[in-house]
Amino acid sequence: MMRIVAESANRLVSASITEHGITAEMCAALPCEHEWWSHELQRRPNRPHTVFRRANQFAAPLAGRLLPALLGVCIASLVCGGCSAPAGNPAKEGPRQVGATDVNQPIGSAELDELTRAFADRYVGLLASTCDALKKDNPDPVQRREAQVLMVDCATNVYDIASNADAFTRMLDLVVVTTLVSQVWIDDDRVAEVFAGREELLIRALHHGRVEAWALAAQVLRPDQIDLLDYLLWDWRRHNPDMVRVSFVRFSNFAIGRGKSANSEVLAASGLYANVGRQGQAVAEARLLTERMFYMLKREPNLLRWQVEAIKDNTLATPEVGNGLTDFHRLTEQVEQLPKNVAAERQAILAALTEANGVVTSLGQTSNSINEMLKTADTLFARYDTWDRWGIAQGSRPFDIREYMEGLKELAVAVGKMNDMLKSSNELLGSSEWDRRIQQVSQSADERMKMAAEQSQRVVHDAFWRVYVAISILFAMFILCLMAVFLVIRRLRIVAGNASDAGRKEMSK
Amino acid sequence: MTWLHLMMVIALVCAVVVGCSSPPVIDGRGASDQVVHNADIALPVAEGDANSTRVLSGDVLPPYEPVPSLSGKITSIGESTTTNLVARVTVEFRRMYPDVTLQVTASPISIGPSALLEGRADIVPMSRPLTPEEVQSFTKKYGYPPIEIKVAADALAIYVEKGNPVPGLTLGQLDGIFSRTQRRGGSSIEKWGQLGLTGEWTDRQITLYGYGPEDGAYQIFQQQVLDGGAFRLSLRVEGGGSSIVQGVAADPGAIGFASVFFACKRVRVVPLAGADGRFYVPTEGNIRRHRYPLIRFLYICVNKPPRQPLDGPATEFLRFLLSREGQQIVAAGGNIPLNAATVEQGRRSLAE
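Which chain is which? The protein sequence lines are P and C, in order. At position 285 of the first sequence the residue is numbered 285 (our numbering), and the sequence of numbers has no breaks. At position 99 of the second sequence the residue is numbered 1099 (our numbering), and the sequence of numbers has no breaks.
If you're looking for bench data, these hints aren't it; they were derived computationally from the structure. On a predicted model such as this, the values are computed, not experimentally measured, just so you know. All residues carry an ideal CB built from backbone N, CA and C; glycine is no exception. Please note that the accuracy of each hint is not assured.
Here are some, though not all, of the chain P residues that point toward chain C, as calculated from beta-carbon distances under 7 angstroms [what the hints assert, rightly or not]:
#: 1; residue: 214
#: 2; residue: 226
#: 3; residue: 228
#: 4; residue: 230
#: 5; residue: 231
#: 6; residue: 445
Listed next, with one range per pair, are the computed distances between beta-carbon atoms [as the list claims (entries may be wrong)]:
#: 7; chain 1: C; residue 1: 1073; chain 2: P; residue 2: 507; range: 53 to 63 angstroms
#: 8; chain 1: P; residue 1: 197; chain 2: C; residue 2: 1199; range: 18 to 28 angstroms
#: 9; chain 1: P; residue 1: 315; chain 2: C; residue 2: 1165; range: 37 to 47 angstroms
#: 10; chain 1: C; residue 1: 1199; chain 2: P; residue 2: 344; range: 49 to 59 angstroms
#: 11; chain 1: C; residue 1: 1095; chain 2: P; residue 2: 495; range: 47 to 57 angstroms
#: 12; chain 1: C; residue 1: 1202; chain 2: P; residue 2: 475; range: 53 to 63 angstroms
#: 13; chain 1: C; residue 1: 1234; chain 2: P; residue 2: 471; range: 46 to 56 angstroms
#: 14; chain 1: P; residue 1: 479; chain 2: C; residue 2: 1165; range: 52 to 62 angstroms
#: 15; chain 1: P; residue 1: 129; chain 2: C; residue 2: 1199; range: 27 to 37 angstroms
#: 16; chain 1: P; residue 1: 344; chain 2: C; residue 2: 1202; range: 26 to 36 angstroms
#: 17; chain 1: P; residue 1: 239; chain 2: C; residue 2: 1165; range: 50 to 60 angstroms
Chain C with its partners taken away, still in its complex shape (with noise of 0.2 angstroms):
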C-alpha cells in the first residue's frame, strides 16, 4: 500500500514536470490535422533589451575575461550575412582592444573558402558548411582540415500571406512545391487546393519566392527539403529576405523561404512537421532544441593547425564571440544565440 502511494506521489510530480516544460508543439490530434494558431508563433523581436533578456533564458554561457593587451590585424572576408554579425561584434571588440585592427569584406560565398586557402583571410565568415570540396583542397595544401566554428544559429522560415488558412508543411509537401524533381517522392503541388485548402484557394496558383543560388539559404534549402534536386523555373528569385518576405506579403498565392528574422506583419510562418511527426513553429526554444526541422548555423572558419594557436587576435576575436557578451550582440542583431553545449563545442575546438 505505502509502496503504491509512493508510486503515484512519483507519478504525479512527473506528469507535473512533464506538462510544464511540454514544448509548444500542436498536440492532440492526428498528424494530418494538426493546426497552430498564430498566438503560438512568436518570433524574434527587435527590441534589444528584449533579447538580451532572453539570450541565456536557459543557458549559462560563461562571461568574456579580456586579456590585458592586444595588437595586431584580423582580416575577414566572407559571405554576407555572417558578415554583418561579424562587423556588429567588432565595434565591441574594437571598444576593448582600439590597437586591433580588422578589416572586413563581405562578398559571394564562394570567395570566403578560397581566401582561406590562399591565406588572405584570418577568419571566413559563412552561412553554411564548407563543402567536402572546399575541405578537401584545404586539407590537400596544408594537410590538415579547417575549423567551422559555429557562431550562431538561424532558421528558415517558410512564408505566406497573412490570410492563408494552411495550417502546416511536412518537408515533403515543400518539395512538391518547391522542387521540380521532387527526390523525395512526393506528387508535383502547384495549386492550394492540393494542400486541403477549399473556396477560394482551392485553384490558387501557388507562386514561389526565394534565394538565388549564390546565397546560402538557398543551398541549405536545396540539400534540407529538396534532398539535392532541382528548384523549379518558377522560383521567383530576390536579393534578399526582405525582399522575399516582401514578395509573399504582396501576393496572396505566394510562399517563400528566408531567414526567420524577416517575419513581419503582412505574412504568416508557416510549422513545419519536425523529425518526430508534430508541427514546430521556429521559435527560439523550438530551434535551439533542434525540434524545428529547417535549422542552419552561421559559422566563422579559421585555418588552426592541430595543437597550435591561431595566428594573431583571431582566437581572442572568437572567444570574444563565444561569450555570454558575444551571444547577446548575435541575439540583439536578430540571430539566434548558441546554446551552451554548442558554445563550449566551438571553445574546444579552438583550444585544442
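If we strip away everything but chain P, and leave its shape as in the complex, we get (with noise of 0.2 angstroms):
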C-alpha cells in the first residue's frame, strides 16, 4: 500500500491531454506547464491564439516560397539583435499570455520573462547580503562554510533557472527552490541548528524571497492553483525529509513520468517558430542557447569569486585542516613566547645567583660578629676558670663549668671551621673564575634567546612566503579565467561575425 502512495505522491501531477483540453489525474488542475497554458489558450477562444492562428497562416506561405530568405533575416536578427538583445523582448516572444486570472490584472510573457529574471538577480543579491552578514566576525568555520555553500548553490541554481528559455518554466522551477529552500530552513528549523544565534537575518531573507516568488505566481496562476501548487511543494518535502540541499530541484521533478522535453514543448507551444521549418528552429534554438550562454557568462564572475570562497571555507571547516591550523596557531603562540620565555628565565637565573651572592655576604659578616663573640666568650672563660682554681682550694665541689667549656670549644672549633669556608667562599666569590661562570651562564642565555628569536622569525617568513605563493596561484588561475572568457567571447565575436557577413552576402545576392 505504502508503495502504491508513494507512486501516486510521484504521479499526482502527471496528465494527459484529451479532446477536452487538460484531463487526467489531478494534475489537470494544476498548470504542468504548457498543458495548462495550451488549455488555458483554449479556455479563452478570443485570446491569444486566435493571434498566433493568424500569425500561422500569415508564416504559412512564407515558410513555402520564402525559407532561404528568412533564414537569412533569422541568422541576421541572430547576429545583430539576439544575442544582445533583452530576454524580454515583446517582438520576439509575440503576444501570448500566460494563464492570468480574472481577478488579477493580465500578465504577458514578455513581463513575465522580464520579472522572473529581476527576480532571480534580486534574489540572489539578497542571499549574498544575508550570507555575507552570517559569515562577517563570525569565528565559526562550519557556520561560514554552511553561508557561503548555501549561497552558491541558491545562486547557481537561481540563475540556472533564470537561463531557461520559457518564462512559465522560469517562474514554476523558482517558486519551487525558494519555496523547498525557505521549508528546510525555516520550517524545519535547520536554521537555529546551523546558525544559531544568528537565525534571525536568515529567516527574514528566505522568507521574504519565497513571498515575494508566490507573489510573482500570483500573477499568473489562479487561486485554487497557487493552493494546489503549495500543497504539492509540501507533499513533496514530507516525502523527502531528509532532503537538505533542495536548491537543484525543479518543477519537472513533480511532473515525473511525462517523458517530455520542457524546451521542445516551449517551442511547439509557443507557436512562434512552428511554420518556419526545421531549419528556423534550429536558429531559434541557437538563439535562445546563444541568450542562455550570456545570462551565465554575465554572472559567472560573482559565482565564480564565491565558489572558490566556498572551496575556501570548506577547507577551513575540514576537521583536519582545522586541527592542523590549531596545532600551528599554538606553534606560533610558543614561538612568539620564546624569547620571553628565555628572558623570564635569565632574569630568574640572575635574580637567584644575586640573591646567592648576598646571602655568601651575609654568611661573611655574620662570621665577623661570631668571631667577636668568641674573643668575648673566651675572655669570659678565663674569668670562670680563675674561679674554679678557687673553689677548689675551699674544699667544696665549686661550680663545674669544666663541661661547659669542652661544649664550647667544640662549637669554637666547629665555628671556625665554617668561618674558614666562608673565607674561602668569599675568595671564590671574588676570585676571576666565578665572574668568568657567570659570564659564561649569561652569554649562554643570551645565545639561546637569539637562536629562538632566529627560528621563530625563520617560521613566520615560511609562512608568509607559502601565502604568497598561495595567493600567486589564484590570481593566476584567476588570469587564465578571464583569458579563457575572453579567447570564448572572441571566438563566438569571430563566428558571429562570419554568420553577419554570410547573412549579408546571402541577402545580397
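Bring the two chains, given one by one in their own frames, into a single complex with the hints.
And the structure:
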C-alpha cells in the first residue's frame, strides 16, 4: 500500500491531454507547464491563440516560398539582435498570454520574462548580502562554510533557472526552489541548528524571497492553482524530509512520467517558429542557447568568486585542517612566547645568583660577628677558670664549668671551620673564575634567546612565503579564467561576424 | 459487608478503566491557567507506515471488495484540498480498474457546486459543506437535495511561533484576535499582553495570518470562530497552508490558522478550549472524538436521486474511499481518517 501511495505522490501531477484540454489524474488542476498553458489558450477563444492562428496563417506561405530569405533574416537577427537583445523583447515573444486570472491583471509573457529574471537577480543579491552578514566576524568555520555553500547553491541554481528559455517554466522553478529552500531552513528549523544565535537574518531573507516568488506566481496562477502548488510542494517535502540540498529540485520533478523535454514543448507551444521549418527552429534554438550562455557569462565572475570562497571555507571547516591550524596556531604562539620565556628564565637565574651572592656576603658578616662573640666568650671563660681554681682551694665542690667549656670549645672549633669555609666562599666569589662562570651562563642564555628569535622569524617568514605562493597561484588561475573567457567571447564574435557576412552575402545575392 | 466489598471492587475497577482511557487533556487546575506541555502535542507525522498503522487503531473499517469488472468515466471538479485527496485515491482506483477513466480538475470552491448543478461533474470535492443557497438551487432544479459524503476529517490548528508561551486560547479570545466585529461579545485583542503574557510579550503586536476568502478554511473559521463576523483588515492572506505556517514561523508576534497537516518544527500548535471548557490540542484522537473545537470535514458531493444508484463507476469510487484501504490512503496523505460511525453513515447514504 505504501508503494502505491508513493507512486501516487509521484504521479500526482502526471497529465494527459484529451479532446477536452487538460484531463487526467489530478494534474489538470495544476498547470503542468504548457499543457495548462494550452488549456488556458483553449479556455479563452478570443485571446492569444487567435492571434497565433492568424500569425500561423500568415507564416505558412512564407515557409514554402521565402524559406531561404527567412533563414537569412533569422541568422541576421541572431547576430545583430539576438545575442545582445534583452530577453523579454515583445517582438520576439509575441503576444501570448499566460494564465492570468479574471481577478488579477493579466500578465504577458514578455513581462513575466522580465519579472522572473529580475526576481532571480534580486533573490541572489538578497541571499548574498545575508550570507555575507552571517559570515562577518563569525569565528565558527562551519557556519561560514554553510553560509557560503547555501549562497553558491542557490545562486547557481537560480541563475540556471533564470537562463531557461521559457518564462512560465522559469517562474514555476523559482517558486519551487525558493519555497523548498525556505521550508528546509525555516520550517524544519535547520537555521537554528546551523546558525544558532544568528538565525533571524536568514529567516527574514528566505521568507521574504518566498513571499516575493509567490506574489509573482499569483500574477499568473489562479488562487486554487496556487493552493494546489503549495500543497504539492509541502507533500513533496513530506516525502523527502532528509533532503537538505533542495535548490537542485525543479518543477519538472513533480511531473515525473511525462517524458517530454520542456524546451521542445516551449517551442511547440509558442507557435512562433512552428511554420518556419526545421532550419528556423534550429536558429531559434541557437538564439536561445546564445542568450542563455550570455546570461550565465555575465554572472559567471560572481559565481566563480563565490565558489572559490566556498572552497576556501570548506577547507577551513574540515576537521583535519582545523586541527592542523590549531597546532600551527599553538606553535606560533609558542614561538612568540619563546623569547619572553628565555628572558624570564635569564632574569630568574640572575636574580638567584644575586640572592646567592647576598647570602654569602651576609654569611661573611655573620662569621665576623661570631669571631667577636668567641673572643668575648674566651675572656669570660678565662674568668670562670680563675673562679674554678679558687673553688677547689675552699674544699667544697665548686660549680664545674669544665663540662660547658668542653662544649664551647667544640663549638668554637666548628665555628672556626665554618669561618674558614666562608672565607673560602668569599675568595671564590671574589675570584676571576666565578666571574667567568657567570659570564658563561649569561652568554649561553643570550645565545639561546637569539637562536629562538631567529627560529621564530624563520617560521613566520616561511608561513608568509607560502601564503604569497598560494595567492600567486590563485591570481594566476583567475588570470587564466579571464583569458579563457576573453578567448571564448572573441571566438564567438568571430563566428558571429562570419555568420553576419554570410547573411549579408546571401541578402546581396 | 459483602455488598460494601463488591461496591468497592466495582468502584476500583471503574477508576482504573476511566484512568487508563482518559483523554489527553489539561486537568487538575482551573480553566484559566490550564497548560498543555509541548510533549502532549502529537501531530500527524509524514511517515506512511506510521499512518497506516494508526488509521484503524480505534475503529474497524470494512475492507473494500472489488467488483469483477468496471468501466466508464468519472469527472471530478472541485476544491483543491479535497481534490488532492481524490487524486491520491484515483491512482490506486485505476490500478484496480484500468478501464475507468478519471478526469480530475481542481477549481475555486464556488465552481464545484455549479458544476454539479449543471451536470458537468459526477463528483464534487469540497472542503466545506454546501451552503443553504447551493442546496436550494440544486433542489429547485432536480427536486431532491445533493448528497454530501464525508470522506476525511481535518482540523484547523492555531499556530504561533515556537517561542510564544501562550498556554491556550478560547474561541472567544480567537474572535477578539481575528475579528473586527467581535460577535462573541469579547473585546478586541491586539497585543499579546492582553492574553496574559508578560515581559517582552506584553507590548508585542499580534500579527494575523490566514487563508483568503475563496478558501473553505476561511469560511469555516469565519463561521465557527468569528460567528459569521468579519476578519480584521490586517489579516495577511497567504496562498496556501504551508505559506501561512511559514509566515508564522518567521514572525515571533504572529498567529495564524491553517490545517493541522502543515505543522512544522518552528511553530507551536496552541491548545483550544473545547465545549467542556478543557483545552485540547488537535491530535488525531481529539479530532475523531470531536473534542477539539475547530474540526472540519472534507466532502464529496454527488447528484444521487433517492432510492436510485449513482450513474457510472462513481459509486464504486466512493465505496472504495469509504473502505479500510481508502482511509489508509487518506491517512498516508496527512489527513485524518474517519471513524467507523462516520464511514458507515456515508456508506448508508450511498445505498439509500
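Here is what the structure says about each hint:
| no. | hint | result |
| --- | --- | --- |
| 1 | 214 | holds (5 angstroms) |
| 2 | 226 | holds (4 angstroms) |
| 3 | 228 | holds (4 angstroms) |
| 4 | 230 | holds (3 angstroms) |
| 5 | 231 | holds (5 angstroms) |
| 6 | 445 | violated (61 angstroms) |
| 7 | C:1073 to P:507: 53 to 63 angstroms | holds (57 angstroms) |
| 8 | P:197 to C:1199: 18 to 28 angstroms | holds (20 angstroms) |
| 9 | P:315 to C:1165: 37 to 47 angstroms | holds (43 angstroms) |
| 10 | C:1199 to P:344: 49 to 59 angstroms | holds (52 angstroms) |
| 11 | C:1095 to P:495: 47 to 57 angstroms | holds (54 angstroms) |
| 12 | C:1202 to P:475: 53 to 63 angstroms | holds (57 angstroms) |
| 13 | C:1234 to P:471: 46 to 56 angstroms | holds (55 angstroms) |
| 14 | P:479 to C:1165: 52 to 62 angstroms | holds (58 angstroms) |
| 15 | P:129 to C:1199: 27 to 37 angstroms | holds (32 angstroms) |
| 16 | P:344 to C:1202: 26 to 36 angstroms | violated (58 angstroms) |
| 17 | P:239 to C:1165: 50 to 60 angstroms | violated (33 angstroms) |
Against the hints set out earlier in the document, violations occur for numbers 6, 16 and 17.
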